[in-house]
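Participant: Spelled out from the first residue to the last, the chains are:
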Amino acid sequence: MVIRYLKCIVAASMIMMISGCWSQINFDQLTVVSAIGLDLDEDQKLQVSLQLVNPTLPVAAGGATQQRRAVAIYTATGHTIHEAIEIIKKQSKKNLFFSQTRAILISEKLAKNGLSNIVDYFWREPNQNFNSWVLISNSTAKDALSRSKELLAVSSDEWKAYLKDKTNNTARGGIELYQFLSRLNQSSYEAAVPGISPFASESKQIIMEIGKLAVFNGDKMSGWLSLDESRIVNWLSRSSKTGVIQVKIKNDEFIDFDLTNIHIKTTAQFKNNQLVMSILMKCDAHIKTSTEALDLASQQVSHTIETKLNQYLNTGIKHTLHKTFDTYQSDAVGFGDVVHRTYPEKWKSIEANWGATLKTIELAVDTDVRLVKSGLLINRSIKKDDKDD
Amino acid sequence: MRNFTGTLKAAFEYIDQELGHSSDLSFRQCQIGSDNTPALIMWVDGLINKQSLNNDIISPLMSGSRSINRVDSDETTINFISHSLITTTEVIQVTSYESLIPLLINGWSVVIIEGIDIMIAANTQGLETRSIDEPASTSVIRGPRDGFVESIDTNISLIRRRVKNKLVRVENHWIGNMSHTKIAMMYIFDRANPDTVSEVRTRLDHIDIDAILESQYIEDLIKDSPSSFFPTVYSTERPDDVAGAILEGRVAIIVDGTPFALVLPCTLFHLLKTTEDLYLSYPIATFIRWIRFIGFFITLLLPASYLGVLTYHPEMVPPQLLSSILSARDGVPFPLLMETLLMELTFEGLREASIRMPKSIGSAISIVGALVIGESAVKAGIISSPSVIIVAGTAIASFTIPSISLSATIRLLRFVMIILASFLGLYGIMIGLFLLGIHLSSIKSVGMPYLAPFAPFRPKEAERALVRVPWFTLRKRQK
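Protein chains in written order, with the numbering used here: chain L, 1 to 389; chain Y, 390 to 868.
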């Protein structure tokens with residue numbers, strides 16, 4: 001009996017020991033990679049920059065007085081990402097921990113050159129964060145990582161927090177790695193990635209702006225959209241449901257609107273073999289600022305405002321779609337998916353030629369904006385009661 | 390067997406010799422009856438109540454025995470004395486030394502009359518007992534404050550006064566070849582399962598041991614799967630707890646000499662309930678009961694998951710938390726496993742020390758514990774603050790488990806979990822939980838599965854185990 005128990009214990013402990021702490025991580029050598037930057041250097045070689053977090057105590061725990069740099073940037077070049085990372089591992093002498101990467105920065109130059117050679121790394125490597133946010137950097141990614149100035153010590157923390165924040169009306173919809181990777185191979189819904197560009201530089205540091213979208217055609221970046229166009233693409237691709245816009249009502253008369261509850265309905269229809277995409281946009285608008293006095297009590301005025309706003313959005317959407325479809329030949333809003341869903345049979349024949357078909361699409365845009373909150377009800381400021389006093 | 394001859398001298402010498410000339414054997418000689426027959430009253434000091442001896446035996450014998458006449462037969466005399474003179478609650482007529490000696494050492498007094506071969510034994514038992522106090526091991530905010538004492542009779546009376554019903558049964562057993570400890574089985578005739586009662590009875594009858602000094606002796610001897618770490622017998626110091634248990638149809642065992650009573654059968658969920666659950670309003674009681682369930686798992690798993698997650702799956706930790714743990718661990722000399730084990734062992738040491746410490750210097754322990762471990766060690770960079778938080782969290786959770794024995798078991802198994810997590814991470818913890826589940830579902834307590842009412846599943850009882858069902862709904866259900 002005793003021997004039997006002994007055998008059991010030996011067997012059980014062998015099962016444990018044989019595994020040899022499989023996949024154990026040396027926690028004390030762990031260094032979090034907060035951002036990966038991908039560049040193309042002068043020799044057309046891939047340059048990888050890693051932003052490593054040097055953990056500091058949170059400010060709440062008295063970390064504000066700690067005198068140590070919050071991040072360290074390591075850069076290496078190679079033919080593949082993997083090769084470069086191996087070199088960086090030798091430089092940093094640490095276990096690089098990719099599972100909590102916040103952002104992946106791809107330089108515009110590299111993106112325009114095509115990403116097909118490098119995405120393989122992201123598909124294969126299991127230890128990485130598919131939820132990291134992808135950004136296209138206007139300048140080099142290394143520059144953006146090392147010189148960007150943000151309120152948080154680790155700049156990529158700030159970018160992630162901004163892109164993730166659903167309560168921020170200004171925030172433009174971001175794209176996460178898992179969406180980005182699959183859209184690179186998908187003609188029916190192509191990638192549109194927020195860009196990060198230097199806005200102003202102060203001595204060594206740069207203030208970065210996230211706003212414009214970079215539109216992809218397949219695995220190559222085709223070009224930038226303006227801020228207004230980017231906003232509309234974000235609405236149409238449903239990555240953002242709010243927005244702040246400025247509409248010119250008359251000469252020198254501007255009204256700022258806060259748009260909320262934006263709902264987009266896209267339907268595809270074939271009319272005489274001509275693909276018609278109809279887009280219905282519904283949203284609530286709140287007046288934030290007006291440069292002129294508005295008499296909202298008058299129905300005519302509010303009607304005018306609504307009409308102007310509708311017109312503005314209508315032309316904006318049409319313009320943006322034409323730009324992405326015609327100039328960039330990119331389906332960044334996922335119309336291909338809509339057609340695929342509606343006409344699964346027909347899609348098979350269109351799919352191969354979708355890029356060309358995009359240009360021929362007939363757009364029917366309809367917007368329905370409701371003016372909900374107007375801010376002040378009385379004209380600008382109180383006048384009548386003042387006189388009584 | 391009659392071996393008593395009726396000679397006073399021989400009787401005294403025999404008894405004195407049997408007790409090894411023990412100095413606490415006391416006696417008083419007197420003369421009774423009209424013809425001044427010598428008589429001897431014997432007792433063992435300290436076991437009897439002297440007042441009762443005086444009032445109930447000595448003084449009636451002296452003053453009331455005038456009417457005894459030697460002409461009467463021995464039987465008449467003995468009957469007169471035992472039935473009409475001695476006023477103790479119990480009187481037995483004994484004819485042999487063999488049956489006399491056990492009575493003597495149980496606190497009875499013996500009256501021997503010259504020339505009569507029958508002895509009279511009267512119950513004058515009177516042991517010094519502690520007064521009824523609030524139980525130290527389980528305190529409640531609302532609920533009765535009385536606890537069991539070391540006297541079995543007092544303890545039985547404490548239960549009896551709560552359940553005043555003719556169906557309450559008390560069965561006495563004497564266990565212990567040397568100690569002859571009195572043990573009482575209590576149950577309610579109609580409610581307790583007859584199989585359970587007879588099973589407990591046979592188990593008690595089969596006990597063969599030298600002495601019983603505490604109910605733990607009995608618990609070890611009668612419990613199912615004795616090799617299991619888990620308690621399958623419920624022990625409590627509270628009479629209301631026992632009263633509640635026998636009302637539920639369970640069997641209680643009360644042992645003389647200890648304030649801890651045993652209750653059978655006992656499942657895991659009995660150990661996670663307290664009597665106070667029934668005294669608080671039902672939403673609060675349910676909430677507290679859930680806190681206790683969570684506490685059970687936190688005690689078992691918190692340090693293991695901390696270790697497992699950090700050494701195998703750090704990606705699971707939210708980035709900010711990971712960053713702050715990393716910075717807190719910066720420069721700590723011990724690896725995570727060592728640190729966690731060290732801290733957990735320190736806590737166990739502190740806990741043991743604070744129990745053993747005399748109360749007057751007990752506060753020293755909390756100062757040492759809080760200041761040295763909590764402050765200085767972290768500041769000196771010997772241990773990291775997250776592991777102090779983990780140990781503190783585990784400690785708080787372990788105190789929410791009402792049963793001391795279950796809490797100790799879980800605290801012990803926590804170390805097994807830590808080792809498993811250090812080998813295999815969360816996978817190891819899952820293996821540990823599976824093994825624990827297999828073990829728990831395989832053990833029983835006097836025929837009741839340990840995980841009842843969940844495995845086997847009985848919906849209504851399961852509901853009552855999870856939720857403290859208000860009394861008014863119970864009444865409706867019975868109608």
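Read the hints as simulated data drawn from the structure, not as lab findings. Hints are not guaranteed to be accurate.
Taking lysine to any residue and the SDA-like style, the derived pairs with C-alpha atoms no more than 25 Å apart in a straight line are [what the hints assert, rightly or not]: (1) 7(L) with 820(Y); (2) 94(L) with 820(Y); (3) 94(L) with 748(Y); (4) 748(Y) with 820(Y); (5) 93(L) with 578(Y).
Covered stretches of chain Y, as calculated for chain L (at least 3 residues, CB under 8 Å) [to be verified]: (6) 653-667; (7) 839-849.
Just a sample of chain L residues kept apart from chain Y, beta carbon distances all over 12 Å, derived [said to hold, decoys possible]: (8) 3; (9) 26; (10) 27; (11) 30; (12) 31; (13) 70; (14) 85; (15) 101; (16) 129; (17) 153; (18) 175; (19) 228; (20) 263.
Virtual Cβ for every residue (Gly too), placed ideally from N, Cα, C.
Participant: With reference to the structure, classify each hint as holding or not holding.
Facilitator: The hints, checked one at a time:
1. 7(L) with 820(Y): Holds, at roughly 19 Å.
2. 94(L) with 820(Y): violated, 32 Å
3. 94(L) with 748(Y): violated, 51 Å
4. 748(Y) with 820(Y): violated, 42 Å
5. 93(L) with 578(Y): Outside the cut-off at roughly 76 Å; violated.
6. 653-667: Coverage by chain L is violated here, the residue count being 0 at a Cβ distance below 8 Å.
7. 839-849: Coverage by chain L is violated for the stretch 839-849 of chain Y (0 residues, Cβ < 8 Å).
8. 3: Given a closest Cβ separation of 17 Å, the condition holds.
9. 26: violated, 8 Å
10. 27: Given that some Cβ of chain Y is not farther than 12 Å from that of residue 27(L), nearest at about 5 Å, it is violated.
11. 30: violated, 6 Å
12. 31: violated, 8 Å
13. 70: violated, 10 Å
14. 85: Holds: least Cβ distance 17 Å, greater than 12 Å.
15. 101: violated, 10 Å
16. 129: violated, 7 Å
17. 153: violated, 10 Å
18. 175: At about 19 Å from chain Y, residue 175(L) clears the 12 Å cut-off, so the statement holds.
19. 228: Consistent with the label, residue 228(L) stays out of reach of chain Y, its closest Cβ about 33 Å off (over 12 Å).
20. 263: holds, 32 Å
Hints 2, 3, 4, 5, 6, 7, 9, 10, 11, 12, 13, 15, 16, 17 from the earlier list are contradicted by this structure; the remaining hints agree with it.
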